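These protein sequence lines map, in sequence, to chains A and B.
1 is the number of the first residue of the first sequence in this note's numbering; add one for each residue after it.
1001 is the number of the first residue of the second sequence in this note's numbering; add one for each residue after it.
Incorrect hints may appear among the rest.
[As the list claims (entries may be wrong)] The list that follows gives simulated cross-link-like pairs (lysine-lysine, DSS-like), each with its CA atoms no further than 30 Å apart:
no., chain 1, residue 1, chain 2, residue 2
1, B, Lys1303, B, Lys1320
2, B, Lys1320, B, Lys1376
3, B, Lys1607, B, Lys1667
4, B, Lys1240, A, Lys142
5, B, Lys1184, B, Lys1315
6, A, Lys91, B, Lys1215
7, B, Lys1417, B, Lys1385
8, A, Lys152, A, Lys142
9, B, Lys1240, B, Lys1654
10, A, Lys142, B, Lys1260
11, A, Lys142, B, Lys1722
12, B, Lys1236, B, Lys1654
13, B, Lys1216, B, Lys1489
14, B, Lys1260, B, Lys1376
15, B, Lys1216, A, Lys69
16, B, Lys1150, A, Lys91
17, B, Lys1417, B, Lys1240
18, B, Lys1607, B, Lys1722
19, B, Lys1667, B, Lys1376
20, A, Lys69, B, Lys1150
21, B, Lys1607, B, Lys1215
Hints in this document: simulated from the structure, not taken from any laboratory.
Note that this is a predicted model, so its numbers are computed, not measured.
Spelled out, the chains give:
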Amino acid sequence: MSNTITINGRTQAADVDPAMPLLWFLRDTLELTGTKYGCGMGLCGACTVHLDGQAARACMTPLSAAFGKQVTTIEGLSADGSHPLQIAWVKNNVPQCGYCQSGQIMAAADLLARNPAPGIAEINAAMEGNICRCGTYTRIRKAIVEAAGQMKGAAT
Amino acid sequence: MSMLDSSQMALNRREFLKTSGLALGGLAIGVSLPLGVLGKVGNSAFEPNAFVYIDRSGATTIYCGRCEMGQGISTALPAAVADELEADWSRVTVLQGDANAKYGPQGTGGSRSINVMLEPMRKAGAAGREMLVAAAAQTWNLPVEDCYAKLHTVYNRIDDRKLAYGELVALASELPVPDQPTLKTRDQFRYIGQPLPRHDQGEVVVGRRIYGADKKVPGVKYAAIRHVPVFGGSLKSVDKSAALAMPGVVEVVEIPRFEKPFGSVGGVAVVADNNWVAQQALAALKIEWEPGPNGSYDTTQYKQLLVANVESPAKIEFEKGSLDKAFKQATVRHAATYLGSHLSHSPMEPMASLVWVQEDRCEVWASTQDPEGIQKTLAEYLGRKPGDITVRVMMAGGAFGRKFMCDYVQEAAALSKAVGAPVSLTWSREEDTRTGYYHSCSAQHIEASIDSDGKVSGWLQRIAFPTIDSLFNPAIVQPTADDLEDISKHPYGIASMRVESGLAPAHTRIGWYRSVYAIFYGFAVNVFTDELARAAGVDTLEFIRGIYDNNHDPQQQEQVQRCRAVLNKAADMAGWGRTLPAGQGMGIAVHHSFESYVAMVVHAEVKGDEITVHRVDCAVDCGLVLNPDIATAQMEGAVIMGIGLALETEINFKDGAVVNSNFHDYKVTRISAAPAEINVTFIGQDYRSTGLGEPGVPTLAPALVNAIVAAGGPRYRSLPIKAA
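Generate coordinates for the entire structure from the input sequences, incorporating the hints supplied.
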């Protein structure tokens, strides 16, 4: 009987070392490379995914902690890049190198799921763990606020 | 600065254009660059061709030969080509060119891409447009003057016939290529100057943009590496037994130092079935190192040495007027010493590449700023010809100068050679932090005088930092006259000046970090100027204007005017001089670097130990701006990086090795430190376009330090302010 993880809606067998961080299972085994390695210690947020709907650092999540759970990666956040955050990210030209942005978007999606109308202080607090060396922070804030407005508009 | 000196890159240029018979009968236009451009950067053979390609359906491909690392060059330059071509941008696909001399110089650094490539690329587009128009004119039997191109279609002024580009490519490709195509005038621009979205954002936000660390090929193995901790040291012993016993481990490979500027420092690597196994096995190695000659490098002591070397007479490299006389006749004198720290580039994607060395070929997929450097270095390492090394230029997940060096690619080549398989090597964050080509730490001592007319009459600046040149020539132990030109050719108007170079032998690898030496030059000059203004009892803005006004050198008038213009603009934007609440203040700084001009006003607040940057106003003159949104993003990024290096980013060495390891002890700017507002305005757009990747960084730290004083805080002269 193999251990399984449901990743972006597909149930996958995970017959590898259960101590392997989810990050490397995603990147090397499944070749889902949208989730990035940045620090390996949960310090930078580049590997942020959703585990049963909550933001998690894939570099610090052993596969065993994901067995039987639902994992969403940037590739599965929407079917076609149409999540309001993805749209707002493109509209505001947020990414520069883009390497950290999968993690930024996944962290922001988690924030908006918990808090549909975050203020700047709440955005800062939620996004503090996600480093961007290109320095896109002011656009990240703006895009989150815009996406929140879009989602609110769609909900009412 | 020798490799990135923009003056060496000046195109004095006789471009010519030629078609190249590509398959499918499409129209392909290459643009050739003068051989001299390549002369000092690389020695690849000259074979022109940076392509515009249009197929018979009209689908258009524009190749970008410059490397993309987030600065947006792969949108800005191709959009300029599309503009001249009168192409419909929605029908253009941008592709990254592999390493190939036909694209002209590809080493992407020194904020040079636009300087060097804009005109040739525009000509490639314009030549294509003229050929398509000529083909239509021939088809209709009309004079060329009666025909014109607009958005992928050629029209004529006589009747209502029109021909789509796709219909014209077969005939157009038979026509001669114009030597001197007519470029558009500014009022005709369609894309240049417009905030065109980046071509690749859609891929980024769904996680499908492929970086060097992401590349896969069938049979790929993964590697993890540990480097010699002290530069110049070596491996003493390694016990591989535990690692080799682990399932999934392919091999443990010792990599000796490759003594080239861009070669590996040496280390031990594990090749395995996946990154996780490689990392586990690497941790199981028992390694002993020999520290070598730099084993006592200690940055705390070294900085003290640099200070001593600039607080006493040093080697005079530039002198004008009579400094002694100016100092003797001074009504105000001031002196101060400034310190800067080593920095690690630390792009979010650590050093990463995939290399496959085979008997008859070598293929590289690398996040890189310098594909030619990879060809040259691997050719030397493998004993092959540079042209036999195929380099696929991958999107770089940040670079900031670090990916100009290709030690990590040479290591992947060594590993691929050792195991006979393609090897993907991604450095751990710790290795990335500890095995850098660091920004120089520095000490500068400035003394100046003000005469009875209130003019700055004398300026002495002594400068000591380990140089990038030391990487290429270890005999260089202090800044050269060229290294000091930012000061000896500074646009300030001061009659008597002396610039001296202090001893600073390098004990680690020094590299180009975004803005390079301009970081500490911009810092020391602008902070000292603020101090001097306060000593003279004059508003800093007025004081700086006064220094520029005293420059009567006809050669420097353009620099002076452009510096003054950005200074005044930034002051206007910020409302310089307005009253702020207690504990808040504004600081100003201006710096000219990489042929562009930037001034910033920082509005900061000081509350005990807490320093908050509320707002930054940036005035920029980089000539004609190709894409104002991308250019604005470059400035925003420079502000964020500047805040980090002002407040807390630093690399320290002890016992020869880097003390820092990961983002908990190498502190970079996080979102809460980002200002609420960053305003960017571009002026001087009548000038020729110049680069903007780097020039935004130098002004932030001094403007912030000056703002802290204005807010009632202390004067900081050593960066970072919150040193470890």
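Taking the hints in turn, this is what the structure says about them:
no.: 1; hint: B:Lys1303 <-> B:Lys1320; result: holds, 29 Å
no.: 2; hint: B:Lys1320 <-> B:Lys1376; result: violated, 42 Å
no.: 3; hint: B:Lys1607 <-> B:Lys1667; result: holds, 21 Å
no.: 4; hint: B:Lys1240 <-> A:Lys142; result: violated, 51 Å
no.: 5; hint: B:Lys1184 <-> B:Lys1315; result: violated, 51 Å
no.: 6; hint: A:Lys91 <-> B:Lys1215; result: holds, 28 Å
no.: 7; hint: B:Lys1417 <-> B:Lys1385; result: holds, 16 Å
no.: 8; hint: A:Lys152 <-> A:Lys142; result: holds, 15 Å
no.: 9; hint: B:Lys1240 <-> B:Lys1654; result: holds, 28 Å
no.: 10; hint: A:Lys142 <-> B:Lys1260; result: violated, 45 Å
no.: 11; hint: A:Lys142 <-> B:Lys1722; result: holds, 29 Å
no.: 12; hint: B:Lys1236 <-> B:Lys1654; result: holds, 20 Å
no.: 13; hint: B:Lys1216 <-> B:Lys1489; result: violated, 49 Å
no.: 14; hint: B:Lys1260 <-> B:Lys1376; result: holds, 11 Å
no.: 15; hint: B:Lys1216 <-> A:Lys69; result: holds, 27 Å
no.: 16; hint: B:Lys1150 <-> A:Lys91; result: holds, 27 Å
no.: 17; hint: B:Lys1417 <-> B:Lys1240; result: holds, 19 Å
no.: 18; hint: B:Lys1607 <-> B:Lys1722; result: holds, 14 Å
no.: 19; hint: B:Lys1667 <-> B:Lys1376; result: violated, 35 Å
no.: 20; hint: A:Lys69 <-> B:Lys1150; result: violated, 55 Å
no.: 21; hint: B:Lys1607 <-> B:Lys1215; result: violated, 48 Å
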